[in-house]
Amino acid sequence: MKLFMLRRILLTLIIAGLGIHCTNKEKEEVKKPVDYVDVFIGTKSPGHTFPGPMLPFGMVQLSPDTRNDHTSWPACAGYDYTDTSIIGFTHTHLSGTGVPDLGDILLMPTTGEVQFQAGTPENPDSGYRSRFSHKNEFAEPGYYSVTLDDYKIKTELTTTKRVGVHRYTYPNAEKTSIIIDLEHRDPVIEATFEIISETEIAGYRRSKAWAGNQRQYFVAQFSKPIVSYQILTGEKTVTTGTKFNNKKIIAALNFDSTEDQVIAKVALSAVSIDGARKNLKKELPHWNFGEIRKEAKKIWNTSLSKIAISDSNEDKKEIFYTALYHSLLTPNLYNDIDGQYRGMDDNIHTAKGFNNYTVFSLWDTFRGLHPLLTIIEPDVTRDIVVTLQKKHEQYGEIPMWELAANDTRCMIGYHGVSVMADAYLKGITDVNAEKVLTAMIESSNVKKRGINYYTELGFVPSNKSSQSVSKTLEYAYDDWCIAQMAKALNKTDIYNEYSRRAQFFVNLYDQQTGFMRPRYSNRKWYEDFNPTSVEKTYNFNFTEGNSYQYSLFVPHDIASVIDLVGGDTNFNQWLDNLFSKNFDEEISEDSDVSGLLGQYSHGNEPSHHLAYLYNYAGKPWKSQQTIHKILNKMYTSEPDGLCGNDDCGQMSAWYVLSSLGFYSVTPGASEYVIGSPSFEKAEIHLDNGKTFTILAHNASEKNIHFSSLKLNGKEYPNTYLKHEDILKGGELVFEMTDIPNKDWGIDPSNRPLSDTKRTVSIPYLKSDHTTFLDTKTIVLGCDTENADIYYTLDGSEPTKNSMRYSSPFEIKKSTELKIKAFKNSLISSYTTTISLEKLESIDPKKLKTKLKSGLSYKYYEGIFRSVYDFLQEDPIQKGEVQTINIASRLRDEWIGFEFDGFINIPKNGVYNFEIAANDGAQLLIDGKELFESDGRKSFSFIQKNDIILSKGLHKFTIRYFQCSDNIGLKALWSGPDFEKTEIDTSYLYHMADHNKKKSNP
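Number 676 in the UniProt record's numbering belongs to position 676 of the sequence shown; there are no gaps in the numbering.
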């Protein structure tokens, strides 16, 4: 850390010295926005950023790797500031994520005898890695350099959009080489390597990690000829031949030792080697390293200059421009220079009239990053919308967390709809709006991740899907975004439907506790409820958070939440408690729940809007002081200057927006909630040629409030700022003071948007069972007092002309029941559809083959966070088991199982099934899901549910996945005549002709 500070001080003195004889105006011009960026901020965990060069949103992220572990948390970006040795320099990196991946095509210059092992941090001499020191390391946007101490080689890196450029300056040595390691980091499915000529190589690597099927082609050219080479292919080293094909390929290219410098240009493509070669030829035909570096810095300065900051606090400007830099790294360009790209269907497509992108951390970035980009990068935003719409066409839904044309299905929600709606409603309309809306609707209706329960019950039940509260709240917000898009396109029916769904958050508000609380499918509340609990509820009822952090995630209708908690006074007190109440002593802080201010966790995204919510309840001055506390406490100019993962720029985007004086609490609303600016002057230079200026008169560390606010010379009473006002250009002037103005913004008419729709609660089936044997009595209910329920049994939409429910009734056959509730003065409820199934067991005589005892199984390996992650994979092992167990696994982490067959039910009745799984499982009987859980957990998660079953055989499937840490799977049941016990082999059967590879007990 001392070396880091010394380097900064020396650099500041040098820059200051250059301006000694300048006028004041010239001094200001010495340091450009790009000069304030410190790319090492965030490189010490938990920030997970990387220091190497790339261009804004570039395809290539060329950076040093100090770690090659493809599963551990600190290895997410490949580099950690605490490390002391470098393995090599790879061309793809993730910025700020909580999961590691990429690190493709490693180059490492060496001298002396060639080694094909990377070596270890504890013993760098055991491989080709090299020690290094931060005092010999320098980086700026578009450039990185370091001296490799073990080889005395100076390494320099720079990039274009699709090409990484290396310059190695060797000492006098007997042997100089460059290692090309295609096995580095991620597990390799297949790889090829070819010597094209004495100055050109090409290759391909297909790997499987977080992205289950990533393809990376490359072409590399060298400024000096290769004089010899050794190729490790598998376990064999060869010195002849030109084409190699193996999962393990490591090449050592040897150069004339009299040459002191070698430049390597490495072009990437996800399409083909020919595509990589085209990228190289058209994008970088010359060898002038200095010019490439100069151009990269120029491009960065142009992008960073879109926001011009004037302030006497140099440290804050450094934090700001580094945050802005990090906000412009992702998503990443993902098409070749001729427009070709690999789609999510693994086919090759051509981007016509847009650039295709990858790396969409949507659960994080919809909140602040993408709204920021609508202001400063509208063209990129437009291409992002088109990209997401195309991904839907290729994949069937908008991906949750897309990486290299794969959906990692990480996190929750369908937040691509927020990004698309926010852009469209802000005037970025040069897209196929009809197709965009179709993508939104289809993504919101997939029958998985609890969405099927959400649309049936009006919430995700705790006993049927994990992360139930978080899913319900985030689905409701996403549905509101869909409603706004439909409204913009005059789709009234769709608007009404999704406006109703957007109100589903009310179904989880518990008046007794004052929190959003998990509840079961029978509508009873989850008993063991602690709103501060993270450890017990992590990935169970909440996603990386607790009820304090999630209860106010209703960004589209905070006014209704205020009503639920009892008005402004109660709501403000609720917020006060949030920012002051400490965690219970026995509950440990999760790695994702960091940057704490009471229960507020700035290190994780669910909290990011909370400091602004005082504006909705008449106390914006409290938002001002809380925001400044977060800005000053959670961000520094050190390598550990981020209190949590940067998450593809979201953490940084929060700083950028909040320090300007506003934030996007409700993406899709075309407005920003006003906070308090950090800088004396900020100018946003817009693509339309206009400038929006923010002035903070008398701004200081002490003056965090403002006595008055004017927009274009007129007093401005609103606590929000419209997007259109920014685009028009103009001036927003704050008169800063240390005394809160408790009268500004208190009138309800001046508060930010709350799109309140007073709707009738969703009606429901009072019985939790949807299967029956002979007849079923239908009893309906609705939480809205005196609401009238109407229903149909023929699949048609209920209206007031349909059958009105007045008393229980019976059905005798499988039926699709649709119900809707009405009440005067309220909007009618959402229509819920319930499939009621009359059960019949399977006749063994009708099966094509005989049955054997036990179940068949399929075994998978990969980065799985739900059972859906491996359903499209090929199993690496098949077999049979007599009991439900995972003993046949080949490792203990990142695995999946599917057990399939039949269960023999001894008699008619109600059966309870229970699965304890670490990390998660899904149970299906007769193809009907009883429950599922997703997400990573620290101990076994128990789920259970009842079902009515008839005597005889029923289709029976259990799917299981495990991430890391602990491992376990246990399946139990109870029935009419027996207590809870493990499911015995005598009840389990499978087809005799199962294509097995091994049998297990």
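These are computed hints drawn from the structure, not numbers from a lab. This one's a predicted model, so the numbers in the text were calculated from it and none came from an experiment. Any given hint could be a false lead.
Unchecked claim - Here are the in silico distance ranges between beta carbons for each label pair:
hint, residue 1, residue 2, range
1, K955, G909, 45 to 55 Å
2, S767, T883, 30 to 40 Å
3, N712, E785, 44 to 54 Å
4, L890, S796, 50 to 60 Å
5, E785, G909, 30 to 40 Å
6, N490, K907, 52 to 62 Å
7, L924, P808, 42 to 52 Å
8, N445, N698, 49 to 59 Å
9, K955, A887, 16 to 26 Å
10, F939, Q261, 30 to 40 Å
As the list claims (entries may be wrong) - Okay, derived cross-link-like pairs now, BS3-like style, lysine-lysine, Cα gap no bigger than 25 Å in a straight line:
hint, residue 1, residue 2
11, K858, K448
12, K818, K447
13, K208, K937
14, K846, K937
Note that the Cβ used here is the ideal one computed from N, Cα and C, for glycine as well.
So, going through the hints one by one against the coordinates:
For the pair K955 and G909, the beta carbons lie near 18 Å from each other, so the given range of 45 to 55 Å is not met. In this structure the hint that S767 and T883 lie 30 to 40 Å apart at CB holds, the actual value being about 33 Å. Separated by about 49 Å at the C-beta atoms, N712 and E785 satisfy the suggested range of 44 to 54 Å. At about 52 Å, the CB distance of L890 to S796 agrees with the hint of 50 to 60 Å.
Between E785 and G909 the beta carbon distance is about 36 Å. The supplied range of 30 to 40 Å therefore holds. Between N490 and K907 the C-beta distance comes to about 57 Å, which sits within the given range of 52 to 62 Å. In this structure the hint that L924 and P808 lie 42 to 52 Å apart at CB is violated, the actual value being about 29 Å. Here the CB-CB span from N445 to N698 is close to 53 Å, well matched to the stated 49 to 59 Å.
For K955 and A887, the Cβ-Cβ distance of about 24 Å falls inside the hinted range of 16 to 26 Å, so the restraint holds. Separation of F939 from Q261 is about 55 Å and departs from the stated range, judged on CB atoms against 30 to 40 Å. Between K858 and K448 the CA atoms are separated by roughly 21 Å; this keeps the pair inside 25 Å, and the hint holds. At roughly 17 Å between alpha-carbon atoms, K818 and K447 fall within 25 Å of each other, so this suggested pair holds.
A hinted pair counts as satisfied when its Cα atoms are at most 25 Å apart, and K208 with K937 qualifies at roughly 22 Å. With a C-alpha separation of about 42 Å, the suggested pairing of K846 with K937 is violated against the 25 Å cut-off.
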